[in-house]
Amino acid sequence: MTTAIVADGIRKRYRDIQAVDGVSLTVETGEFYGILGPNGAGKTTTLEILEGIREPDEGRIELLGLSPWPRNPKLLTRIGVQFQSSAFFERLTARETIQIFASFYGVGSRRADAMLERVSLSDVASVPAQRLSGGQAHRLSIACALAHEPELLFLDEPTTGLDPQSRRNLWDLLRDINAEGRTIVLTTHYLDEAEILCDRVAVMDHGKMLKTGAPATLIRELDENVRVSVESGLTDEQTIRELLGQAGADVVAVEDDGVSLSITTSLPGPVLSVLAEQGALRGLEVRGATLEDVFLQLTGREYRT
Amino acid sequence: MSAERTDEATVLVDPPRPQDPKDPRPAKAAGPTAATDDKASPFFQLSKVMALLFVRDKGAVFFMLIFPLIFLALFGSLFKGSSTAHASVAEVGSIRMLDNVHGSDRTQLDQALTITRMTSQAKALEEVRNGTLDGLIEQGPGNTLVLRFSSVDPTTAATVKGIFQSVIQTANVEATGKPPTYTLDATQVEDNSVKPIQYLTPGLLSWAVANAGVFSTALTLVMLRRIGVLRRIRLAPMRMTSLIGSRIGITTAMTLSQTAIFLAVASIPYFGLKLTGSWWLVIPLMFCGTLAFMSIGLLTGSIAKSEESSNGLAQLIVLPMSFLSGSFFSLDSAPGWVKDISRLMPLRYLVTASESVLSRGGGLSDALPTMGGLLVFAAVVTAISMRLFRWDDF
Chain A
149 MTTAIVADGI RKRYRDIQAV DGVSLTVETG EFYGILGPNG AGKTTTLEIL
199 EGIREPDEGR IELLGLSPWP RNPKLLTRIG VQFQSSAFFE RLTARETIQI
249 FASFYGVGSR RADAMLERVS LSDVASVPAQ RLSGGQAHRL SIACALAHEP
299 ELLFLDEPTT GLDPQSRRNL WDLLRDINAE GRTIVLTTHY LDEAEILCDR
349 VAVMDHGKML KTGAPATLIR ELDENVRVSV ESGLTDEQTI RELLGQAGAD
399 VVAVEDDGVS LSITTSLPGP VLSVLAEQGA LRGLEVRGAT LEDVFLQLTG
449 REYRT
Chain B
127 MSAERTDEAT VLVDPPRPQD PKDPRPAKAA GPTAATDDKA SPFFQLSKVM
177 ALLFVRDKGA VFFMLIFPLI FLALFGSLFK GSSTAHASVA EVGSIRMLDN
227 VHGSDRTQLD QALTITRMTS QAKALEEVRN GTLDGLIEQG PGNTLVLRFS
277 SVDPTTAATV KGIFQSVIQT ANVEATGKPP TYTLDATQVE DNSVKPIQYL
327 TPGLLSWAVA NAGVFSTALT LVMLRRIGVL RRIRLAPMRM TSLIGSRIGI
377 TTAMTLSQTA IFLAVASIPY FGLKLTGSWW LVIPLMFCGT LAFMSIGLLT
427 GSIAKSEESS NGLAQLIVLP MSFLSGSFFS LDSAPGWVKD ISRLMPLRYL
477 VTASESVLSR GGGLSDALPT MGGLLVFAAV VTAISMRLFR WDDF
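Those protein sequence lines, which keep their order, are chains A and B. Residues in the first sequence are numbered from 149 upward in steps of one, following my numbering. Residues in the second sequence are numbered from 127 upward in steps of one, following my numbering.
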């Protein structure tokens, strides 16, 4: 197993803004890596520096063992970059669009067509790229980045502006791509997306990496309470309080709002067995902390999109 | 790769997956696996795309190809026959001497004059006054010929006067019964007095080439940068020469077809363009012109941030250049400082050289210095543009 990306102390300054302030990261081959952060956190600049579009003021970067700056054609054949879906020629069809971008890598039209098929766009191959739906346009831009079968793929907010169904559809595609052994680095606005897709995420703000780790690990480290809720009316609040007290469960709060009976606890096990004994499990829901809570704790602010 | 990092890697071989709906990851390595015979050349694909984008953009087709032709048709019709001062004269009553002119003299007379017979002197005089007629002629007392003309147009007035002077001279010589002592043998040379179409065609064609070269290059460059194609090109292992080559190819195809259409249209009898000896030299001339104007487009496209501003900037350069280079009218009567400025304009040299080879029988020696100059201009402006060139809108 090798390392796909090593970045060490990258910094980039624009006039009076320190956009990237000493970012270091390591991405392993085959890993799905997410960079999270509010707008203006420096995610896109970091990604662009990794891709080799911008030169960092400071720091060392290696992609697949090679430096992305200055431009290195040997490396370029091995990496793929997805661009915003607006980056299409006006007046070209989906098929013409992928063909031209594939040709930049010497990839012929048969493989370009196969890639169109792969992202389920064969039916709309002759539709002008600008008239594709949001989900289709995103898939086309991913297909354009994949036509030359790169080992390492960069995605900048790949599902922004999509409806829930298109997002899920795209997630499946990205998982498949990752399952082929390709390393993926993405920035995203969506915490649920990062939680579902990424092996590891890095939370960024003010140009710095605040924390890196597997989403589940980060959430667990938060040590937040769990909220267990069942349908209201299955058992009364008072009984439950007593039973939980007897069982020695660490209960923070019990409340019944007429719709649900909710119990907040640090240890859901005893709470669940008490509810089970009472036969009060209808509509059971156990909600733990999410990446959003991690994010709030780290950046101290709402996740703005 | 350092040993440390390898260790770190082994820890992360199978990173924890919280939801883990993923399939176990196959060991298949990524990389090109598809057939290797399915290849594409960025140059051909880009050329195809550039051509497609052009023909699908009706506005561009109109502006680059049709619009200059409309100018040619318009100017060609307006100035048609303006150099031969053809005059209309009324013959009031019957004039013996005039009616006696026959043969080749008569043909010459008819070429220069349209003579209409009128009976009313007052009516003819009225028409001279209001400009419908250039003059009237009537039999005076004895052998006198009376010519009354309007001097609204001094050139025509002089022509009419001259023609009748010569008719009378000829009649006088004939009356002596002797052969004339002196004769005039006049042969026309290709000079400044050529028909307007002979200078309108090279002038407007050069302007059309300047337009196409500057605008298509500037607008394409800004568009490629705006939609991120330049960024893609930079992130792909292709050479910039593919992009530059395809642009030169498409623009040249455009300007040379424009040249062919222009020459074909101007040559129809209605406009009557007559091509002289080495007219084909206009092809390499227009090619060099295309490169020179593309370099101006490259410069404006490199400076401008949006299509609108590059359009404005290009217009700011092309429009004054066209007027100062004699594309629309001759600079012969322009003030000295205008002529001095025009010497800085590549378009002026293209206009002059193509007029020389198309209409004045010029040859290689007239075209070569201009071609060389245009290529040097293109090289210098391209070098400057390269310093200002941006891949991205950063």
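None of these hints come from the bench; they were simulated from the model. Errors might be hidden in some of the hints.
Now the stretches of chain B that chain A is said to cover, found in silico as 3 or more residues with beta-carbon under 8 Å [stated by the list, open to error]:
| hint | stretch |
| --- | --- |
| 1 | 176-183 |
| 2 | 426-438 |
Now the stretches of chain A that chain B is said to cover, found in silico as 3 or more residues with beta-carbon under 8 Å [as the list claims (entries may be wrong)]:
| hint | stretch |
| --- | --- |
| 3 | 194-201 |
| 4 | 220-226 |
| 5 | 241-250 |
| 6 | 390-399 |
Ideal Cβ positions, reconstructed from N, Cα and C, are used throughout, including at glycine.
Coverage criterion applied to the stretch 220-226 of chain A (partner chain B; beta-carbon cut 8 Å; 3 residues): holds (count 5)
Please count how many residues of the stretch 241-250 of chain A have a CB within 8 Å of a CB from chain B and say whether that reaches 3. The restraint on the stretch 241-250 of chain A holds, since 5 of its residues have a Cβ under 8 Å from chain B and three suffice.
How about the stretch 426-438 of chain B: do at least three of its residues have a C-beta closer than 8 Å to a C-beta of chain A? violated (count 0)
Under a C-beta cut-off of less than 8 Å, do 3 or more residues of the stretch 176-183 of chain B approach chain A closely enough to confirm the stated coverage? Per the Cβ count (4), the hint holds.
Residues of the stretch 194-201 of chain A with Cβ under 8 Å from chain B, three needed, outcome: holds (count 3)
Coverage of the stretch 390-399 of chain A by chain B, judged on three or more residues with CB within 8 Å: Check failed, 0 qualifying residues.
Going through the hint list in order, the structure does not satisfy hints 2 and 6.
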